[in-house]
Every structure is written in structure tokens, then in C-alpha cells.
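Colleague: Please arrange chain V on chain X, whose structure you already have, making use of the hints.
Residue numbers (my numbering), protein chains in the order written: chain X, 1 to 80; chain V, 1 to 438.
Hints were generated in silico from the structure; no laboratory data involved.
Mixed in with the good hints, there may be bad ones.
[To be verified] SDA-like, lysine to any residue: derived pairs with alpha carbons at most 20 Å apart:
no., chain 1, residue 1, chain 2, residue 2
1, V, K378, X, G43
2, V, K378, X, N12
3, X, K5, X, K75
4, V, K378, X, L39
5, V, K378, X, R46
6, V, K378, X, L45
7, V, K378, X, A10
8, V, K378, X, T14
9, V, K378, X, G42
10, V, K378, X, L15
11, V, K378, X, D17
12, V, K378, X, A47
13, X, K75, X, V48
14, V, K378, X, A68
15, V, K378, X, D33
16, V, K378, X, G44
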Amino acid sequence: MSSEKIVTLALNPTLCDGRGLCRDAAPQLIDLDEWGYPLLPGGGLRAVIAPADVRAAEDATHACPVLALHMERSKAESAT
Amino acid sequence: MSRLGIQSRSSLAMHLTEHGPLPDVGRRHGSRPGPLVDEVERAGLRGRGGGWFPTAVKLRAVVDSSAQRGRLSPQRRPVVIANGMEGEPASVKDAVLLASSPHLVLDGISAAAATVGATDAFLAIHRDSPLVPALIAALDERAEAGIDDLPIRLVTPPARYVASEESALAHWVGEGLATPVYPDRPYQRGSDGRPTLVQNVETLAHLALIARRGGAWFAEVGSPSAPGTTLVTVGGCVGAPGVVEVPTGTPVGEILALCGGTTQAVRGYLTGGYGGGWVAADGFDAVAWDPDSVRVARGVFGASLLYPVGIQQCPLDEIDRVTTWMAGESAGQCGPCVFGLPSVSDDVHQLAAGSAGDEDMERLNRRLGLIVNRGGCKHPDGTARFVATGLSVFADEVALHLERRCSAGVRSHGDHATALPVPTARLALVDVGSRDFE
Numbered sequence: 001m002s003s004e005k006i007v008t009l010a011l012n013p014t015l016c017d018g019r020g021l022c023r024d025a026a027p028q029l030i031d032l033d034e035w036g037y038p039l040l041p042g043g044g045l046r047a048v049i050a051p052a053d054v055r056a057a058e059d060a061t062h063a064c065p066v067l068a069l070h071m072e073r074s075k076a077e078s079a080t
Numbered sequence: 001m002s003r004l005g006i007q008s009r010s011s012l013a014m015h016l017t018e019h020g021p022l023p024d025v026g027r028r029h030g031s032r033p034g035p036l037v038d039e040v041e042r043a044g045l046r047g048r049g050g051g052w053f054p055t056a057v058k059l060r061a062v063v064d065s066s067a068q069r070g071r072l073s074p075q076r077r078p079v080v081i082a083n084g085m086e087g088e089p090a091s092v093k094d095a096v097l098l099a100s101s102p103h104l105v106l107d108g109i110s111a112a113a114a115t116v117g118a119t120d121a122f123l124a125i126h127r128d129s130p131l132v133p134a135l136i137a138a139l140d141e142r143a144e145a146g147i148d149d150l151p152i153r154l155v156t157p158p159a160r161y162v163a164s165e166e167s168a169l170a171h172w173v174g175e176g177l178a179t180p181v182y183p184d185r186p187y188q189r190g191s192d193g194r195p196t197l198v199q200n201v202e203t204l205a206h207l208a209l210i211a212r213r214g215g216a217w218f219a220e221v222g223s224p225s226a227p228g229t230t231l232v233t234v235g236g237c238v239g240a241p242g243v244v245e246v247p248t249g250t251p252v253g254e255i256l257a258l259c260g261g262t263t264q265a266v267r268g269y270l271t272g273g274y275g276g277g278w279v280a281a282d283g284f285d286a287v288a289w290d291p292d293s294v295r296v297a298r299g300v301f302g303a304s305l306l307y308p309v310g311i312q313q314c315p316l317d318e319i320d321r322v323t324t325w326m327a328g329e330s331a332g333q334c335g336p337c338v339f340g341l342p343s344v345s346d347d348v349h350q351l352a353a354g355s356a357g358d359e360d361m362e363r364l365n366r367r368l369g370l371i372v373n374r375g376g377c378k379h380p381d382g383t384a385r386f387v388a389t390g391l392s393v394f395a396d397e398v399a400l401h402l403e404r405r406c407s408a409g410v411r412s413h414g415d416h417a418t419a420l421p422v423p424t425a426r427l428a429l430v431d432v433g434s435r436d437f438e
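Bound-form chain X, shown alone:
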């Protein structure tokens, strides 16, 4: 448990142009709102990504032409 990494997908909304390429790259992870802007899981600007979805989150991040998405990896708190 203590060696697990927490992976977070983060969106900078001031950079996002709503082109929607992230949704095309990872439709199972990202939805678009009625104005064409991405909705991350949970609806906010940062989403913790389950291990099974990390690959999709990477695809979405790489698909963004304006670098509005990035991923953060931090060590999980060891459960003692």
C-alpha cells in the first residue's frame, strides 16, 4: 500500500481553449460540457486517476495542443 503512487490529472482553465481533443483521446475519462469545455471526473480542476485509467489520462494530456492538462504523481501516504 505504501509504495502506491497517487496520479492526479490537472487542468489549467486559463489555458484551455475547449478544442475537445482530450475528450476524443480519452472519452471514458473526459466529457465535454454544453460549451465544449472538458469535464474531468468529479467536475473540478483536479482529478485523482485510478490505476486503470492512467494510460487514458496520459493520452488526454498528450492530445492537448495548448498544454492545458498535466499529470502529477505523488507518493501515497503509507497506511499505518
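Modeller: Just chain V now, with coordinates in the frame of chain X:
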């Protein structure tokens, strides 16, 4: 209760007679803030711009961030910005303070600058403010008397709602762009990437009093969780709208009585500002006016603004006009704000005009959920809260409007004396060429 002297018009000579000169508050040394920070902590001073963040924590954060930079880094010297922008159109407490006791605010800037070791200090007010000439005169008086170790410069960013936001203000002073910055950490990287202390002018006036009389004196009055006095802007249906100074925790009913009492039966209160929240009238006059008690009563303390709306006004009409204005005040950076706020405002307008149906209400509620937590600043969140709390508090009026009726009769278009004020002019946020200092 008058500590800040808002009934006066103080010249420097009057100010010195009343308060005496600012004592030596000491200076920052390396990673240690000046000793005034301990007094500020003892006082329990919290920021009066709306966030009510502990001032001592902010002072220390700026010093820490500065001390972590390399000795040769050009970006290690802190900046102090006094925020007198007062972007809330319905709030006038900062303007009243700056008009009456400018030297208390300016003393506070000097004391804060010494405490964090700042090398630049600014006072920011709206460009079209009528206070500009008087503040220039006040700064000249001080320059002539040689009061401030660090000269304080007056800067006048454009009068836009989001330009008053902390990171936007630092952005403007550094780079001439009055747009909010994401992520927002001006105490680390503010103006030109330097650690930047942004404090509301009322906070700084209290700081100047704490420097003279100490933290224990400051905390003698007010609620323990947010001690001292607070200015309150009271408007709406009261006999004598204006600004009063009261100890925090004063019951809402007493504050209204100081302003001539309410002139109509009250159906709800706007609290905090246009990014604040509506609360129902029932029992609110007994609530203690401090940030924590107001939050428990489901209001927003924010910039300490209290607007009762009476039964002769249509609250949905008020919400409609303000929401339209707030939608236009977007900085234009984030999609959910740029497109979401006008969509919400269109829905609210339909509702206020009596042409909305149940499906339109469903769409409005869905959109209100879609625009929160998705912006680079809290402008969309505040606007959503303003609308959502209004729909909830005035649910009876919403139901009437869905039946094409209105308890107040005709739409007022804001032309009555008790209406929420909405500015008409709209200035550009990007303003590189016309900064008034170098």
C-alpha cells in the same frame, strides 16, 4: 464604536494629533519577519477584503517565500500592495475609509512593508475614483514630512470586478494585465514573480492601530474568532444607507438600526457582495455579524456588505440585473465563465421576465452546477452562488414567476432608490500602455 475615524476628514496634522506618529515597528531580518507580526497574531487580525484570512499567516508566508529565494535572485524582494479597489459595486466601505482616514491606511502600508522587508509599496484604487486627487495630496504631505522609509506609490488599475482580485492586482502592478492568475499564489509569485503581500486597505488601517496600541487592545472588542471592529456597507431598504463601524459580532438588527432601520418588511438579505449569498429574512436580524456566525446562518460575510431587500422590490429583478452585469465582468480566460455566465444570465432574465418554464429552470440549475470549481478565479463560483442562493431564498417568487406573475407588480429596471447598484461603463483589463508609474 469608532477606531477608524470614518466620520472625520483627516489631514496629516489632524492624523498625528489624533493618533501620534507611527512607532518604530522594527524590520524583517533574513527569514524572520519584523516583530509586529507577533502583535498581529495576538490581535487575531483577519483580512477585511472578503477572505478573512489571518493576516499574520500571510505576512509570514511572504517572508518565507522571499527567504527561500537565492541571495542574488532579482525576484526575492517582496512587494506590498494595499487593495483599495473595492470592486464590489454595492460596497463603499473602503472608499469611505480612504476619504476619511487616508493616513491610517498609509501608516499600515509602511508598517507592513517594514515587517516583510518590502522594497516596493503601492496603494491601488480604481482609475476613475474621485479619491485620486486627495490621495495624491496625502502622499505629497507624507513625502514632504519624510514619514515613510519606503515611498508609497499610487496606482490606478481599470475599474473592473475581477481586477480587484488579489492575483489580478499583483499581475497588473507587475505586468499591466488586470487578469487573475492561475494557480493563484501571489504571496509566492505575485508582481513580476516576486513575493507579494496584497492586503485590503481596512486591514492595513487596523494594522496601523495595532502597531500603536498592541494586539491585546485590538482584541478587546469583537467576536473571539475574528476580533476587532469591522466596517459595514449597509444599503437597500434602510432609512439611512451608508457605512458604519461596529465590533464584529454585533447583531444584524443593531447594524440596521444604526442605518435608520428598515423601511419595508424585509424578504431577504444580500450578504457579502455580488459574489456573496442571499439569506432569508426570518431570524437573520438576530445573527451576529462576524464571518463564522454569518456562515453558519448560510450567508457570506465577504466584504462586509448587508443589503435588505423589501417586499416592494422584485428580488428576481435585482438578481437579473446584477447577474447580467457579473456575466460581462468575466476576465475572458476560462470557458465555463466566458460561456457559462451569459447562459446563466439569459436563463435568469427569462425567469425574471416571466417567460420561463419548468424545463428552463432545470437547465438553469444544471448550468449553475456546471460553472463552479472550474475557473481560474472564483468569479464564476461567486456568481453561481449569488444566483443559486437567490433562487432558493426567493423560491416563492420563482414559483409566482413561473405562473407569469410577480408579487411586486411591474419590473423596475433598477430605477428605484433601494435597488442594487450596477455600473454602466466597462473598461479593458489589458492595459499595458497606461500604467501610471515605472
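Colleague: Hint by hint, note whether the structure agrees.
Modeller: Now for the hints, and whether the structure bears them out:
no.	hint	in the structure
1	V:K378 x X:G43	holds, 15 Å
2	V:K378 x X:N12	holds, 14 Å
3	X:K5 x X:K75	holds, 5 Å
4	V:K378 x X:L39	holds, 17 Å
5	V:K378 x X:R46	holds, 16 Å
6	V:K378 x X:L45	holds, 13 Å
7	V:K378 x X:A10	holds, 17 Å
8	V:K378 x X:T14	holds, 12 Å
9	V:K378 x X:G42	holds, 18 Å
10	V:K378 x X:L15	holds, 16 Å
11	V:K378 x X:D17	holds, 19 Å
12	V:K378 x X:A47	holds, 19 Å
13	X:K75 x X:V48	holds, 13 Å
14	V:K378 x X:A68	holds, 19 Å
15	V:K378 x X:D33	holds, 19 Å
16	V:K378 x X:G44	holds, 13 Å
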